[in-house]
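J.: What follows is the residue order along each chain.
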Amino acid sequence: MSAPRIINENFQRLLWPLVALGLILLFNFLFTPGFINLEIKDGHLFGSMIDILNRGAPVMLLSIGMTLVFATGGIDLSVGAVIAISGALAATIIRPDYVKGVLEYGELRPLLVVVSIPLIVSIIAGLWNGMLVAYVGIQPIIATLILMVAGRGIAQLITKGQIVVFIHEPFQFIGSGFLFGLPFPISIVLFMCAIAYFLTRKTALGMFIEAVGANPVASRFMGVRERWIKISVYMFCGLCSGIAGLIICADIKAADANNAGFLLELDAIASVIIGGTMWGGRYTILGSIIGTLIIQSLTTTILTRGIAPEITLVFKAVVIICVALVQSENFRQIFSSRLAKLKAR
Amino acid sequence: MKLRLNQKNIPILATIAVFILIYMVGSIMYSGFFSLRVFTNLFIDNAFAGVIAVGMTFVIISGGIDLSVGSVVAFVGVLTAKLIHVYHVHPLAVMLIALLFGAVFGFSMGCLIHFFDLPPFLVTLVGYFLARGLAFLISLDAIPIKHPLVDKIVDFGIPLGFRAWLPAVGIIFIIIVLLGIYLSHFTKFGRNVYAIGGNEHSAILMGLPVGRTKVLVYTLNSALCALAGLVYSLYTLSGYPLACVGLELDVIAAVVIGGTLLAGGAGYVEGTLIGVLILGLIQTFITFQGTLSSWWTMIVIGILLFIFILLQRYLSSTSFTTKRQKIKKMVEIQSA
Numbered sequence: 001m002s003a004p005r006i007i008n009e010n011f012q013r014l015l016w017p018l019v020a021l022g023l024i025l026l027f028n029f030l031f032t033p034g035f036i037n038l039e040i041k042d043g044h045l046f047g048s049m050i051d052i053l054n055r056g057a058p059v060m061l062l063s064i065g066m067t068l069v070f071a072t073g074g075i076d077l078s079v080g081a082v083i084a085i086s087g088a089l090a091a092t093i094i095r096p097d098y099v100k101g102v103l104e105y106g107e108l109r110p111l112l113v114v115v116s117i118p119l120i121v122s123i124i125a126g127l128w129n130g131m132l133v134a135y136v137g138i139q140p141i142i143a144t145l146i147l148m149v150a151g152r153g154i155a156q157l158i159t160k161g162q163i164v165v166f167i168h169e170p171f172q173f174i175g176s177g178f179l180f181g182l183p184f185p186i187s188i189v190l191f192m193c194a195i196a197y198f199l200t201r202k203t204a205l206g207m208f209i210e211a212v213g214a215n216p217v218a219s220r221f222m223g224v225r226e227r228w229i230k231i232s233v234y235m236f237c238g239l240c241s242g243i244a245g246l247i248i249c250a251d252i253k254a255a256d257a258n259n260a261g262f263l264l265e266l267d268a269i270a271s272v273i274i275g276g277t278m279w280g281g282r283y284t285i286l287g288s289i290i291g292t293l294i295i296q297s298l299t300t301t302i303l304t305r306g307i308a309p310e311i312t313l314v315f316k317a318v319v320i321i322c323v324a325l326v327q328s329e330n331f332r333q334i335f336s337s338r339l340a341k342l343k344a345r
Numbered sequence: 346m347k348l349r350l351n352q353k354n355i356p357i358l359a360t361i362a363v364f365i366l367i368y369m370v371g372s373i374m375y376s377g378f379f380s381l382r383v384f385t386n387l388f389i390d391n392a393f394a395g396v397i398a399v400g401m402t403f404v405i406i407s408g409g410i411d412l413s414v415g416s417v418v419a420f421v422g423v424l425t426a427k428l429i430h431v432y433h434v435h436p437l438a439v440m441l442i443a444l445l446f447g448a449v450f451g452f453s454m455g456c457l458i459h460f461f462d463l464p465p466f467l468v469t470l471v472g473y474f475l476a477r478g479l480a481f482l483i484s485l486d487a488i489p490i491k492h493p494l495v496d497k498i499v500d501f502g503i504p505l506g507f508r509a510w511l512p513a514v515g516i517i518f519i520i521i522v523l524l525g526i527y528l529s530h531f532t533k534f535g536r537n538v539y540a541i542g543g544n545e546h547s548a549i550l551m552g553l554p555v556g557r558t559k560v561l562v563y564t565l566n567s568a569l570c571a572l573a574g575l576v577y578s579l580y581t582l583s584g585y586p587l588a589c590v591g592l593e594l595d596v597i598a599a600v601v602i603g604g605t606l607l608a609g610g611a612g613y614v615e616g617t618l619i620g621v622l623i624l625g626l627i628q629t630f631i632t633f634q635g636t637l638s639s640w641w642t643m644i645v646i647g648i649l650l651f652i653f654i655l656l657q658r659y660l661s662s663t664s665f666t667t668k669r670q671k672i673k674k675m676v677e678i679q680s681a
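From first to last, the protein sequence lines stand for chains A and B. Last residue of the first sequence? That's 345 in the working numbering, and every number before it is there in order. Last residue of the second sequence? That's 681 in the working numbering, and every number before it is there in order.
Be careful, since some hints might not be right.
[Stated by the list, open to error] Here are some of the chain A residues that sit facing chain B, going by a computed Cβ distance under 10 Å:
no.	residue
1	Val115
2	Ile117
3	Leu119
4	Gly137
5	Leu145
6	Gln156
7	Phe166
8	Ile311
9	Thr312
10	Val314
[To be verified] Each pair of labels, with its calculated beta carbon distance range:
no.	chain 1	residue 1	chain 2	residue 2	range
11	B	Ile516	A	Gly22	27 to 37 Å
12	B	Thr632	A	Phe29	49 to 59 Å
13	A	Val326	B	Val449	19 to 29 Å
14	B	Val449	A	Met131	37 to 47 Å
15	B	Asp462	A	Phe46	41 to 51 Å
16	A	Ile167	B	Ser638	21 to 31 Å
[As the list claims (entries may be wrong)] Take a look, some chain A residues computed to stay more than 10 Å from chain B by CB distance:
no.	residue
17	Leu23
18	Phe35
19	Arg109
20	Leu111
21	Val113
22	Ile154
23	Pro170
24	Arg201
Calculated from the structure, these hints are not laboratory results. This one's a predicted model, so the numbers in the text were calculated from it and none came from an experiment. Every residue gets a Cβ at the ideal spot worked out from N, C-alpha and C, and that includes glycine.
One chain only, chain A, in its complex shape:
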C-alpha cells in the first residue's frame, strides 16, 4: 500500500532540483552553440555534457559520503583536507625522494600500493572523525573542524610544502583514463553510487542510518547500534574523499597540499542540500548527485559564456538559497497563505 506513496514522496523531493538542472541545461541548449554535441574520438566520448560529468566527479564522490553523514545528523568539514592528504600520500609513494630534492625516479611502485595506502589513511581519518562524534560526543561540525584545520597541515608535512609532480602511467589512468568510452572518474562515481545504494537501500542499514539521524536516543533504545552506524558512515565519507583525492591528484599529475580539494567541502555540502537531504533523517543519494550536476553545469555554463569563473560563487549562492527556501517549511507556509489570500480576493 505504502510503496507508491514513498515513490511519490521521493519524486517530489527530487522535483525541484531536477527543475533547476533542467532550466540550466535548457538555457545551454538554446544559447550555447555546440553544447549538445557528443563526439566520438578514438573510441572516447567527448562533449560539454561529458565534461560536466567528468569535472564534477570528485564533488559527486564527496556528496555521496556527505549525504550519508548528513542523514545521521552530522556533517564532515574535513573532506577537503582528506583529499589533500590522500593526494599527497599517493604522490610521495610514487616519488619518495622528491621532497629530499632527488629528481630521479626510484623503482615504479605497483598501482595497488599507490592506491591502497592513501585510501586506508583516508578511512582512518574517517574513523577518527567518527570516534570523536560517536564516542567522545563532540558536535560533528566541531569534531571535523579539527581535522579540517590540522589535515591540510599534515598534507603539507607529507610533501614538505612542495608540489610533488610525477609520471606514473597506471595511476594517471584513474584521473584521465577511459573505460567503455567514458572518462574513468565517471565509472568510479557510478561504482561508488551502486555500492552506497545496495548497502543502504537493499539492506536495513539505510533505515538504521535514517533512524539514528531522526532520533538517536529512540534508536538506541530500539537496539540500533548508534555509535557503530555513525562511525561507519564517517569512515565511508573518508573513503569517498580519499578516492576523490586520488582522482584530482592523478588528473593534474601532481600533489598540491595547499590547493587540492580546497573549499570542495562547501561544494559537497551545497550539493547535498540542493539535492533535498536535510539534517538528520531522510536522504537521497540521487538528489545529491543531481545537486552536484547543478553546481557543475552552472560553472561550465559560466565558463562557456566567457564570464570570469570566480563569479560562479554568486550564482552558487543564489541557487543554494533559492532551493533551501523552497524546501523550508516556514517559507512554504508564508507563501501558500499569501496565495490563499490572493485567491480569496
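Based on the hints, put chain B in the right spot on chain A.
T.: Relative to the frame of chain A, chain B by itself:
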C-alpha cells in the same frame, strides 16, 4: 576576598595557563621574545581576526555559527580600495558605507535564519559564496589604497615606551574587546544571547525577544566583520578579493580555545581575546624558531583545538549542564 574556583571558569583559566606557558617557553628559548614590542605586535597583527572573534563569540554563545566572515572581510577590503582608489570617495564616507553594508548583510542572514528557520551554517555558507563572489565582481586583482587621511590614521599611535607603540588598528581591537565585554555582561542584549544559547525554547517561554536578539547577533557580527575589513585594509594598505580565505576557521578556533562552549550558552569575550592572542603567539613562536615550517601552525592549532574541546566535553559532562541536557533529551523524546 576568597577566589572561588567555579567550574564555569575552568576553560578560561586553562586558556590563560596555556597562554602563559607558551609565553614562558618562548621567553626562555629566545632572547627578545619577552618584550613589550612582541606583546604589542600580538595586538597589531591579530587585530582584524580579533575584532571578528568578538562578534563570533556572540554568535556561538547564541548557539549559531557564521562561516561568512572571511569573505565579508575580503569584500569590504576590495570595496574600500575600489571606492578610494578608483572613484576617489572620501575615506570617512567609505568607512560608513562599509559598516552599513556589513550591518545589512548580517541583518539579511539573521532574518533568513530566524524567519525561515534555516540552519545557520547553511545561510552563512551562502553568505560566504555571495560575499566572495561580489568581491571578485568588483575586482579580480589587488587594488592599492592611497589617501592622505588613510596615511594619517596609519601613522597615528600611542607610544608605550621600550621602543613599542600601539597604532590605530591595535587601539580599535582593544576598544572592540572592551565593548564586547560590556555588551555581554552589562546589557539586556548580552543576557538574552546567553539565554537563547542555553535553551532557545525556555527563552521563548520566558518571553525574551528571541527573534530580535538572533537577528541582532548576526547583524553585529557582520558589522564587526566590516570593521575588521577596514582594519585589514589599513594593515595591508590594499584590497584583495582572495584575502582571508580560511579566516573563519582561525576565528572559530580562537573562540573555542578561548573557552566558549560550542553548544552555546556559555563563554566569555575575555577568553576570546586570550584565544586570539594564543593563535598569534603560536605564529610568533614559529617565526622566532625560524626552521619550523608554516604548516606546523595549522597542526598545533588543530591539536590545541582538540585538547580544548575534550576539556569542554569533560567539564560539561560533570557539571550542571548534564541535568539540563537530560531535560532537553526528555523534551525531545516527548515531542517526537
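J.: If a hint holds in the structure, say so; if it doesn't, say that too.
T.: Against the structure, the hints come out as follows:
The beta carbon of Val115(A) comes no nearer than 25 Å to any beta carbon in chain B, farther than 10 Å, and the hint placing it at the interface is violated. Restraint check, Ile117(A) versus chain B: the minimum CB separation of about 21 Å is more than 10 Å; hint violated. Residue-level restraint check for Leu119(A) is violated (minimum Cβ-Cβ distance to chain B is 22 Å; threshold 10 Å). At a threshold of 10 Å, the smallest CB-CB gap from Gly137(A) to chain B is about 6 Å, leaving the interface hint in force.
Below 10 Å, beta-carbon pairs count as interface contacts, and Leu145(A) has one with chain B at about 7 Å; its hint therefore holds. With its C-beta approaching chain B no nearer than about 4 Å, Gln156(A) sits inside the 10 Å limit, and its interface hint holds. The closest approach between the C-beta of Phe166(A) and any C-beta of chain B is roughly 21 Å, which is over the 10 Å cut-off, so the hint fails. Taking 10 Å as the C-beta contact cut-off toward chain B, the hint placing Ile311(A) at the interface holds, the least distance being around 6 Å.
Given the 10 Å rule on beta carbons, the hint for Thr312(A) holds: about 7 Å separates it from the nearest Cβ of chain B. Residue-level restraint check for Val314(A) holds (minimum Cβ-Cβ distance to chain B is 3 Å; threshold 10 Å). Against the hinted window of 27 to 37 Å, the Cβ-Cβ separation of Ile516(B) and Gly22(A) comes to about 55 Å, which falls outside the hint. Separated by about 56 Å at the C-beta atoms, Thr632(B) and Phe29(A) satisfy the suggested range of 49 to 59 Å.
Checked against the hint of 19 to 29 Å, the pair Val326(A) and Val449(B) passes, with Cβ atoms roughly 24 Å apart. Val449(B) and Met131(A) have their C-beta atoms about 42 Å apart, which keeps the hinted 37 to 47 Å range intact. A beta carbon spacing of about 45 Å between Asp462(B) and Phe46(A) agrees with the range 41 to 51 Å that was offered as a hint. Checked against the hint of 21 to 31 Å, the C-beta distance between Ile167(A) and Ser638(B) comes to roughly 27 Å, which is consistent with it.
With a least beta-carbon separation of about 19 Å from chain B, Leu23(A) lies farther than 10 Å from that chain, consistent with its non-interface assignment. For Phe35(A), the non-interface assignment is confirmed: its Cβ lies about 24 Å from the closest Cβ of chain B, beyond the 10 Å cut-off. With a cut of 10 Å on Cβ distances, Arg109(A) stays outside the contact zone with chain B, its closest approach being about 25 Å. Residue-level check passed: Leu111(A) sits 29 Å from the nearest beta carbon of chain B, beyond 10 Å.
No beta-carbon of chain B is positioned within 10 Å of the beta-carbon of Val113(A); the least distance is around 25 Å. With a least CB separation of 6 Å from chain B, Ile154(A) falls inside the 10 Å interface cut-off, contrary to its annotation. Once the 10 Å rule is applied to beta carbons, Pro170(A) is consistent with being away from chain B; the minimum gap is 30 Å. The non-interface label for Arg201(A) is consistent with chain B: the shortest C-beta to C-beta separation is roughly 24 Å, beyond 10 Å.
Hint compliance for this structure: hints 1, 2, 3, 7, 11, 22 are not met, and every other hint is.
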